[in-house]
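S.K.: Given next are the chains, with one letter for each unit.
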Amino acid sequence: MTILGISAYYHDSAAALLIDGTVVAAAQEERFTRKKHDPGFPTHAVRYCLEFAGLRLDQLDAIVFYDKPLLKFERLLETYYAFSPRGLRSFLTAIPVWLKEKMFLKRMLYEELFNIEEFDKKNVKLLFPEHHLSHAASAFYPSPFEEAAVLTIDGVGEWATATICHGQGKDFKILRELKFPHSLGLLYSAVTYYCGFKVNSGEYKLMGLAPYGIHGSPEVARYEDLIRQHLVDIKDDGSIWMNQAYFNYATGLRMVHDDKWQALFGFPRRDGESLLEQHHCDFALAIQNVTEEVVIKMAAEAKRLTGSEYLCLAGGVALNCVANGKLQNTGLFREIFIQPAAGDAGGALGAALAAHHLYFNQPRKVDHTALDGMKGSYLGPEYSDLEIRQAARKYGAVFEEYRNFSDLAEKTAELLADGNVIGWFQGRMEFGPRALGARSILGDARNSEMQKKLNLKIKYREGFRPFAPSVLAEDAAKYFELEGVSPYMLLVQPVRKERRNALPDNYEELTLMEKLYFLRSDLPSITHIDFSARIQTVHRETNPRYHELITAFKQLTGYGVIVNTSFNVRGEPIVCTPEDAYKCLMRTEMDYLVVGDFIFDKKRQPAWQETQNWREEFVLD
Amino acid sequence: MLLAESLLLWLDRVRGDGSGVVAGFSVSRLFGTLRWVVVGVGLLAAGIRSRSNAVQNLTLGLFTTVLIVGLLELVCGWLLKKQAATFPKIAGPVHSMQPDPYLGYKPRPDTALTGVRTKDGRVIYRIQFQTDSNSLRVTPAKTQIAPNKYALFFGCSMTFGEGVQSNETLPYYFTKADSTYRPYNLAYSGYGPQQMLSRLQHNSPRRFVSEAQGVAFYTYIPDHVNRAIQSLTNYEYNRGNAPYYYPDGDSLRYGGLFRDSRKFRNWVYEVMGRSNLLKFFRISYPFRLSDRDYDLTAEVMAKSAAEYRRQFGNDRFYVIIYPTTLPQEEIVSRLKAKGVKVLDYSKLFNPLQKGYSIPDDEHPTPLANQVLVAQLRKDLQKY
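Chains C and X are the protein sequences, given in the same order.
Counting along the first sequence from 1, when you hit position 128 you're at 609 in the working numbering, and nothing is skipped either side.
Counting along the second sequence from 1, when you hit position 341 you're at 369 in the working numbering, and nothing is skipped either side.
Hint data in this document are derived by calculation from the structure and do not stem from the laboratory.
Don't take every hint at face value.
What the hints assert, rightly or not - Here are the simulated DSBU-like pairs of lysine-lysine, each with C-alpha atoms no more than 30 Å apart in a straight line:
1. C:LYS959 <-> X:LYS170
2. C:LYS581 <-> C:LYS660
3. C:LYS784 <-> X:LYS147
4. X:LYS110 <-> C:LYS651
5. X:LYS147 <-> C:LYS651
6. C:LYS978 <-> X:LYS204
7. X:LYS117 <-> C:LYS846
8. C:LYS846 <-> X:LYS109
9. C:LYS959 <-> X:LYS204
10. C:LYS959 <-> X:LYS177
11. C:LYS959 <-> X:LYS406
12. X:LYS117 <-> C:LYS654
13. X:LYS117 <-> C:LYS856
14. X:LYS170 <-> C:LYS996
15. C:LYS807 <-> X:LYS177
16. C:LYS978 <-> X:LYS177
17. C:LYS784 <-> X:LYS382
18. C:LYS784 <-> X:LYS117
19. C:LYS1035 <-> X:LYS170
20. X:LYS147 <-> C:LYS856
21. C:LYS978 <-> C:LYS959
22. C:LYS807 <-> X:LYS204
23. C:LYS784 <-> X:LYS204
24. C:LYS778 <-> X:LYS170
25. C:LYS846 <-> X:LYS110
26. C:LYS978 <-> X:LYS170
27. C:LYS654 <-> X:LYS147
28. X:LYS117 <-> X:LYS147
29. C:LYS602 <-> C:LYS583
30. X:LYS170 <-> C:LYS784
31. C:LYS1035 <-> X:LYS177
32. X:LYS406 <-> C:LYS978
33. X:LYS147 <-> C:LYS846
Let's have the full structure, built from the sequences with the hints guiding it.
M.R.: Here is the structure:
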């Protein structure tokens, strides 16, 4: 049975291909079009999936779209009706688009698919599972559990904004739903917006900012109180009620009523690139605390309803790895599986899985010999030596070839240990927002200058943003207080106490930047301001090359851990092709690029002729 | 017969796949059995046709015995096969081990593993664990302060934490309760006291334990006597890959691995091990444990305690008697007589009671480990 899943028209469009219940290929459209969070139809991603499997569209059993457009439209109409006459402007903007396009999604999808290739639509079913069912299926079916509680939390799908399900074998039961406009995802996005970051992409920046807030300070407590008293009522079962008087997303073109928030919190909405101040950090910490409380309460409710020892998570909020870490620490569940593409991109995969098991009634077989069913999330395209050579030839690039991978790993480890920043491009591209050692920029985690160098000279992004470690799975407990594994970089846990440096007495009086560059551990580049780290455990079975590289680095330095950040600059999607990678090398102050079996030394490359102002090519996120 | 066998093998090579298997039957095995049958029938015929009554009686008696035993073997084999179908199955590397010259075998170092034990498609347990460069199971730690003492845990799968996650093991709960200790999980499935002694003598944890002060525990279960003496059932588990200690007058001598040092006994075990009858009725050898066996086991533990004292410079070495429904006086009295500190938890809880052992597996649950650690912490304050 061959099923293609598609998510599109909101953000992070993607396609995923399933053959007999096994995910064989998946990719986000943004990687091909080079438009971050590209919401368009995933033509390139669909093409890639078909080419990877050597299939034509009419060889598919079904094409599955990740939500139900008519239900969404119903929600839209009911919302406008309930709030009328408020939201008239938004109504007049949105309705024509719906009437012209989205209402007739089936037709639109067929048109897009026919643009890829002609096929007989009678032979291929077109299915539309619900948005949260897609999320839940993306979390449960690839999980290693026969039975589990499933929690999905995001902004909004059709009506649901969060669901609690119980998965058993191939079956699924939805037990609870939280409905629009009450949404934890939208609450977090509202604060993201108010702190001057972009909605649907800046949420992780807000999460990274939160640790700069002063824990236990009266300011943070005040913000938390205000949020609880005026914005959101949190029930014991994790359900929330949001006071719509303060929010504008239901009917307006903005997330919140700026004036009301300013009156409530005492500071105006931050402009995108303006200076971040302590109150922004404290506010970020307050909303992070509230989010964690809700997530943990929802998970506790899921535990109560299902009695399961295992939990699967998906939906945009599941990308909040700080909350995930806190949830893990509660010990509510023995193990937690988080879908690596937890956002809408993963909906494509979930839709296909839901169709396979629920619509076509196919059995589910858990492969207990694997970590899970996601194959390390290395589901995207890979490039042959010939393609790499062709890309190099195009730019007259100079490279050194290594016929033996162990030699290449040793050489790269040496370069890392010497303080170089390396672009690492190997094998199949990751599916999901995290770079997991297939399209990564790497550095030495022991190097105190690495964070500054990466942020300001390579990624050209905000200085406060932390970097994540990739650590050998077997060594993780040496460095971090991590119980279990974190293969998808979706858990934040502290650096072990004995590795930390004592803080100076006047630490709280230091400025944000002074705090940032204070050496907090023997792994300063990946130790965030609150001594936490967003950990990726690297497993030999899923990424042998990356594992071998870190092992070589360990043999050289004694440390089985390196810095891993996504292979892109700010605003750019993660690189997809060798050409993207080479461009990134030449446009930034990266030192080396390792693609497949080749090492490109920046110093030896011909002068880079930029045809356009590349910094304007990517819209800052 | 030889001609027929050669012909079939030749045909298989020329026309078939050359595997020596034709129509699902191994040609060599089939003809091997046939040869025995022919020899047996020949002897039987010769015996029956003998003029001596005694030879006739002996032949018939032997024939009847062989027939009955053979039939019983077949029946037991069939029953064992039926039983095996209902036994839990392991998917994935719950164990990944490698040979070790002093321990016999040990977990593969620097490895991250995931394994699942299932029964009838139902998951009994699913574990993920890591080993460090010294082949020790990694115990994650949520420390309040940096640890400055060591806690060594010797023992078998009960201590290693078979069936539980790394944050549900005995060492984990111990250091969770007092994070001034850094845990070293030196236990592994199938280990007995002799692995502890061999490790201390030949590849001591002193090499990698950086803390100066601390404590050591050995968790004892009744089967450890079988392991120390290498009984038939234990041989079946590890094929002699375990350190061999034997008494020599008043002293204890190290004889390498059982595999290399007791070749005749191993051969006997190999033969006995093929018997379905013995397996079905769970008959081991020796048939019952003797005083000598208990003496040897206790002596190995006492010697370990002394070795620990010599290397680590303190006498905080404790043998924990794991809760059991069996009487433990035999071992406890011997250990006490040898001056070993014993924490007798044999009656702390009933391990067969629901909640204390993993269903269909019998290893301790997280609850059992927690209860044991709570008692251990109380008792340590007394000493």
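S.K.: If a hint holds in the structure, say so; if it does not, say that too.
M.R.: Hints versus structure:
Taking the CA atoms of LYS959 (chain C) and LYS170 (chain X), the gap is near 12 Å; set against the 30 Å cutoff, the hint holds. Distance hint between LYS581 (chain C) and LYS660 (chain C) is fulfilled; the C-alpha atoms sit about 27 Å from each other, no more than 30 Å. Note on LYS784 (chain C) and LYS147 (chain X): the hinted pairing holds, with a Cα-Cα distance of about 24 Å set against a maximum of 30 Å. Between LYS110 (chain X) and LYS651 (chain C) the alpha-carbon distance is near 29 Å, which keeps this suggested pair within the 30 Å criterion.
Taking the CA atoms of LYS147 (chain X) and LYS651 (chain C), the gap is near 18 Å; set against the 30 Å cutoff, the hint holds. About 14 Å separates the Cα atoms of LYS978 (chain C) and LYS204 (chain X), which keeps this hinted pair within 30 Å; it holds. For a cut-off of 30 Å, the pair hint linking LYS117 (chain X) to LYS846 (chain C) stands: about 15 Å separates their Cα positions. Between LYS846 (chain C) and LYS109 (chain X) the alpha-carbon distance is near 25 Å, which keeps this suggested pair within the 30 Å criterion.
Taken as a hint, the LYS959 (chain C) and LYS204 (chain X) pair is honoured in the structure, with Cα atoms around 16 Å apart against an allowance of 30 Å. Restraint check for LYS959 (chain C) and LYS177 (chain X): the C-alpha separation of about 16 Å stays at or below 30 Å, so the hint holds. For the suggested pair LYS959 (chain C) and LYS406 (chain X), the alpha carbons sit about 29 Å apart, so the restraint of at most 30 Å is met. Using a Cα cut-off of 30 Å, the hinted pair LYS117 (chain X) and LYS654 (chain C) holds, with the two alpha carbons roughly 28 Å apart.
Between LYS117 (chain X) and LYS856 (chain C), the direct Cα distance comes to roughly 23 Å. Compliance with the 30 Å bound is thereby established for this hinted pair. About 24 Å separates the Cα atoms of LYS170 (chain X) and LYS996 (chain C), which keeps this hinted pair within 30 Å; it holds. With a C-alpha separation of about 28 Å, the suggested pair LYS807 (chain C) and LYS177 (chain X) falls inside the 30 Å cut-off, and the hint holds. Between the alpha carbons of LYS978 (chain C) and LYS177 (chain X) the distance comes to roughly 15 Å, so the proposed pair stays at or under 30 Å and holds.
For the hint linking LYS784 (chain C) to LYS382 (chain X), the alpha-carbon distance of about 21 Å falls within 30 Å, and the restraint holds. A C-alpha spacing of about 28 Å is found between LYS784 (chain C) and LYS117 (chain X), which places the hinted pair at or below 30 Å, so the restraint holds. Distance restraint check for LYS1035 (chain C) and LYS170 (chain X): the Cα-Cα separation of roughly 24 Å lies within the 30 Å cut-off, and the hinted pair is therefore satisfied. For a cut-off of 30 Å, the pair hint linking LYS147 (chain X) to LYS856 (chain C) stands: about 25 Å separates their Cα positions.
Under the criterion of a C-alpha separation no larger than 30 Å, the hint pairing LYS978 (chain C) with LYS959 (chain C) is consistent with the structure, at around 11 Å. In summary, the hint linking LYS807 (chain C) to LYS204 (chain X) is supported, as the alpha carbons are separated by about 17 Å, within the 30 Å threshold. With a CA separation close to 24 Å, the supplied pair LYS784 (chain C) and LYS204 (chain X) stays within the 30 Å bound. A distance of roughly 22 Å separates the Cα atoms of LYS778 (chain C) and LYS170 (chain X); the hinted pair therefore holds under the 30 Å criterion.
Between LYS846 (chain C) and LYS110 (chain X) the alpha-carbon distance is near 24 Å, which keeps this suggested pair within the 30 Å criterion. At most 30 Å may separate the alpha-carbon atoms for a hinted pair to count; LYS978 (chain C) and LYS170 (chain X) meet this at roughly 9 Å. Using a Cα cut-off of 30 Å, the hinted pair LYS654 (chain C) and LYS147 (chain X) holds, with the two alpha carbons roughly 24 Å apart. Restraint check for LYS117 (chain X) and LYS147 (chain X): satisfied, since their Cα atoms lie roughly 6 Å apart, inside the 30 Å limit.
Taking the CA atoms of LYS602 (chain C) and LYS583 (chain C), the gap is near 20 Å; set against the 30 Å cutoff, the hint holds. Only pairs whose Cα atoms come within 30 Å are accepted, and LYS170 (chain X) paired with LYS784 (chain C) is accepted, the gap being roughly 23 Å. Pair hint LYS1035 (chain C) plus LYS177 (chain X) holds up; C-alpha atoms about 26 Å apart against a cutoff of 30 Å. A distance of roughly 26 Å separates the Cα atoms of LYS406 (chain X) and LYS978 (chain C); the hinted pair therefore holds under the 30 Å criterion.
For the hint linking LYS147 (chain X) to LYS846 (chain C), the alpha-carbon distance of about 15 Å falls within 30 Å, and the restraint holds.
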